[in-house]
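Peer 1: Take a look at the letters that make up each chain.
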Amino acid sequence: MIELFNAALTLNQRAMLGLRDSPEVVRRGLLVVLFVGLLVGAVSGASTLINTATPARTVATVQAVVEQQKRQITLGPNAEQLQPLLQFVNENEDDFYALLEELLSLPTPLPRPVGLAFQWLASVVSTPLGYLGGLLFSVVLTHIAARQLGGQGSIQQMLGLGALSVAPHALDALGFIPALGSMLGLIAWLWGLVILVVATSVAHRLDSTRATLAVLLYPLLLGLLGFLALCGLIFLGVAAASGGGQ
Amino acid sequence: MESLATIFRLVLGGLLLDARVYRAQRESTVGVQRALVVVLLVGLSVGLAAWIGDIGEYLTQPDPQATRDTLYAGLTAMPWFGQLAAESPDVVTAFEQLFADPANFSLTANPLAGAPGILLTPLVGLVSWLIGGSVAHIAARAFGGTARYGQTLACTGLAAGANLLGLVQIVPYAEQIPGGLWLSASLLGLLASYVAVREAHQLAPWRSFWAVLIGPLLAGVLIIGLYCCVVFVFAGALSSFPVGGGR
Numbered sequence: 001m002i003e004l005f006n007a008a009l010t011l012n013q014r015a016m017l018g019l020r021d022s023p024e025v026v027r028r029g030l031l032v033v034l035f036v037g038l039l040v041g042a043v044s045g046a047s048t049l050i051n052t053a054t055p056a057r058t059v060a061t062v063q064a065v066v067e068q069q070k071r072q073i074t075l076g077p078n079a080e081q082l083q084p085l086l087q088f089v090n091e092n093e094d095d096f097y098a099l100l101e102e103l104l105s106l107p108t109p110l111p112r113p114v115g116l117a118f119q120w121l122a123s124v125v126s127t128p129l130g131y132l133g134g135l136l137f138s139v140v141l142t143h144i145a146a147r148q149l150g151g152q153g154s155i156q157q158m159l160g161l162g163a164l165s166v167a168p169h170a171l172d173a174l175g176f177i178p179a180l181g182s183m184l185g186l187i188a189w190l191w192g193l194v195i196l197v198v199a200t201s202v203a204h205r206l207d208s209t210r211a212t213l214a215v216l217l218y219p220l221l222l223g224l225l226g227f228l229a230l231c232g233l234i235f236l237g238v239a240a241a242s243g244g245g246q
Numbered sequence: 001m002e003s004l005a006t007i008f009r010l011v012l013g014g015l016l017l018d019a020r021v022y023r024a025q026r027e028s029t030v031g032v033q034r035a036l037v038v039v040l041l042v043g044l045s046v047g048l049a050a051w052i053g054d055i056g057e058y059l060t061q062p063d064p065q066a067t068r069d070t071l072y073a074g075l076t077a078m079p080w081f082g083q084l085a086a087e088s089p090d091v092v093t094a095f096e097q098l099f100a101d102p103a104n105f106s107l108t109a110n111p112l113a114g115a116p117g118i119l120l121t122p123l124v125g126l127v128s129w130l131i132g133g134s135v136a137h138i139a140a141r142a143f144g145g146t147a148r149y150g151q152t153l154a155c156t157g158l159a160a161g162a163n164l165l166g167l168v169q170i171v172p173y174a175e176q177i178p179g180g181l182w183l184s185a186s187l188l189g190l191l192a193s194y195v196a197v198r199e200a201h202q203l204a205p206w207r208s209f210w211a212v213l214i215g216p217l218l219a220g221v222l223i224i225g226l227y228c229c230v231v232f233v234f235a236g237a238l239s240s241f242p243v244g245g246g247r
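Just so you know, the sequences run in chain order A and B. According to the working numbering, the residues represented by the first sequence are 1 to 246, in order. According to the working numbering, the residues represented by the second sequence are 1 to 247, in order.
The hints are simulated quantities; they were obtained by calculation from the structure and are not laboratory data. Just to be clear, a hint being listed does not mean it is correct.
One side only, chain B facing chain A, incomplete, derived with CB under 7 angstroms [what the hints assert, rightly or not]:
| id | residue |
| --- | --- |
| 1 | Ala5 |
| 2 | Phe8 |
| 3 | Leu59 |
| 4 | Gln61 |
| 5 | Leu183 |
We treat Cβ as the ideally placed atom computed from N, Cα and C, and that holds for glycine.
Construct the complete structure from the given sequences, taking the supplied hints into account.
Peer 2: In C-alpha cells, the structure reads:
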C-alpha cells in the first residue's frame with residue numbers, strides 16, 4: 001500500500017497500469033484513501049484536542065479567532081460601516097467568554113477526557129469519509145465524461161485509480177500550521193488534480209488531452225451553471241428591489 | 001443458512017464493487033435469501049452502531065436542564081439583552097418562552113429516542129431494497145435486460161453493502177464532516193447498484209447507468225412536482241383571501 005502511495009505521488013504509470021489490471025483494483029485504491037484519511041484525521045484531531053484540552057484553552061482559542069476577525073474588519077475597506085458590529089462585539093465579548101467557559105465546565109456523566117478522546121476518535125474515523133465522498137463525486141463525473149469521449153475503462157478501474165488522487169492530501173495533516181497550512185492544501189489539491197488526469201488516462205486508455213477534458217468537463221459545466229443561476233438570482237433580486245421601490 | 005463468514009464476504013464484495021461476487025450472486029439458487037440476510041444484517045449493524053454512538057454522546061454531554069439554565073443566566077446577563085429589553089419588552093417575552101420549552105434544547109443525544117432506530121434502520125433498508133430493486137428491474141428489462149426478478153433482487157441486495165460505511169457512527173460525534181457519510185454511502189450505493197444491474201442483466205454500461213438512475217430521477221421529479229403543487233395550491237389559497245378581509 002505504501003508502494004502504491006509513493007507511486008501515486010511520483011505519477012508512476014507502470015504501477016498505475018499494474019493496478020488497472022489487478023482484480024482488486026477498488027480495494028487497493030480505497031486503502032490509500034483510508035490511509036491518508038486516518039493520518040490526516042489523527043493529526044488534525046490531535047491538534048484540535050490540544051486547543052480544546054480545558055475549557056480555558058477552548059475559550060482562548062475562540063478569543064484568538066475573534067481578535068483576528070476584529071483586526072481584519074478594522075483594517076478592511078468597510079471598517080467604518082462595520083463600526084457598530086465591532087462595538088457590539090467589544091461590549092459583549094467578556095460576558096460571552098465567561099458564559100462559554102461556564103457551559104464547557106458543566107459536569108458530564110463521564111469525565112471530560114473521555115469526551116475529548118471520543119472527539120479525537122471521531123476526527124480519525126470521519127476524515128476518510130470526507131475524502132471518500134469527494135472522491136466518489138469527482139470519479140463519477142470523470143467516468144461519465146471519459147466514456148463519452150471514447151474511454152474504455154470500467155467504473156472499478158476508474159475508482160481504484162482515481163483514489164490515488166487522494167494521496168497528496170496527506171499534506172492536509174499539516175493544516176494546523178498557520179499560513180502554511182492553506183498553501184499546502186492548495187498544493188495538495190493541484191497535485192491531486194494532476195494525478196486524477198493521469199489516472200483517467202491510464203484507466204480509460206485516453207490521451208492526456210482527452211483525459212484532462214474528461215476531468216474538467218463536468219466541474220466546469222457545473223461551475224458555469226452555478227454562475228448563471230447566481231446571475232439570474234441577482235438579476236431577479238435587483239428587479240424585485242427596483243419594482244418594490246417604485 | 002449461510003455462515004456469517006460467507007455473508008461478510010458478500011457484504012465486502014458488494015461494498016468494493018467486486019463484479020465476480022455480483023456474478024456469483026446472479027447464478028446462485030439462494031441469491032434472494034442471501035441478499036435478504038445481507039440487507040437485514042447491514043441495517044441492524046448500522047442501527048445498533050448509531051445507537052451505541054448516541055449513548056457515548058449522551059454520557060459525555062451535560063444535563064440539558066443545566067445547559068438551558070446556564071445559557072439563560074449567561075445571555076440575560078449580557079449588555080445586549082439589557083438594551084434589547086429596554087427597547088422592546090416583547091422580545092424578552094419571546095425569549096423567555098423559547099427557554100421555557102425543553103423541546104427547543106433537544107440538541108443533546110437521547111439514547112431512548114434513538115433506540116427505535118435499531119429496528120427501523122433494517123426495515124427502511126428492506127423497503128428501499130424492494131422498491132429500488134423492482135424499479136431497477138422494470139427499467140433494466142425495458143432496456144433489454146435478461147435477468148429474472150429474483151436475480152435482480154439478489155444482486156441489488158449486495159449493493160446494501162455500501163451502507164456498511166454507517167458503522168462509523170459507533171464512534172460518538174463521528175459525523176464531524178457534515179454530509180460526508182451521507183454523500184459517501186449514497187454515491188457508493190448508486191455505483192454498487194449500477195454494477196449489480198449490469199452484472200444481473202448483462203447490459204451495456206450506458207443502459208445499466210440509465211436503468212439505475214431512472215428510479216431516483218423519477219422520484220426526484222415526483223417530489224419536485226408535488227412540492228410545486230403544494231406551493232401553487234397554498235399561494236392560490238392565500239391570494240383568494242380579500243385584502244384586509246380580516247377586519
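Peer 1: All hints are to be evaluated individually against the structure, with a verdict given for each.
Peer 2: Structure-based check of each hint:
1. Hint status for Ala5 of chain B: violated, given a least beta-carbon distance of 17 angstroms to chain A, over 7 angstroms.
2. Given the 7 angstroms rule on beta carbons, the hint for Phe8 of chain B is violated: about 14 angstroms separates it from the nearest Cβ of chain A.
3. Of the supplied interface hints, the one on Leu59 of chain B holds, with its beta-carbon coming within about 5 angstroms of a beta-carbon of chain A, less than 7 angstroms.
4. At about 6 angstroms, the closest approach between the beta carbon of Gln61 of chain B and any beta carbon in chain A falls short of 7 angstroms, and the interface hint on this residue holds.
5. Because the smallest distance between the Cβ of Leu183 of chain B and any Cβ of chain A comes to about 4 angstroms, under 7 angstroms, the interface hint for this residue holds.
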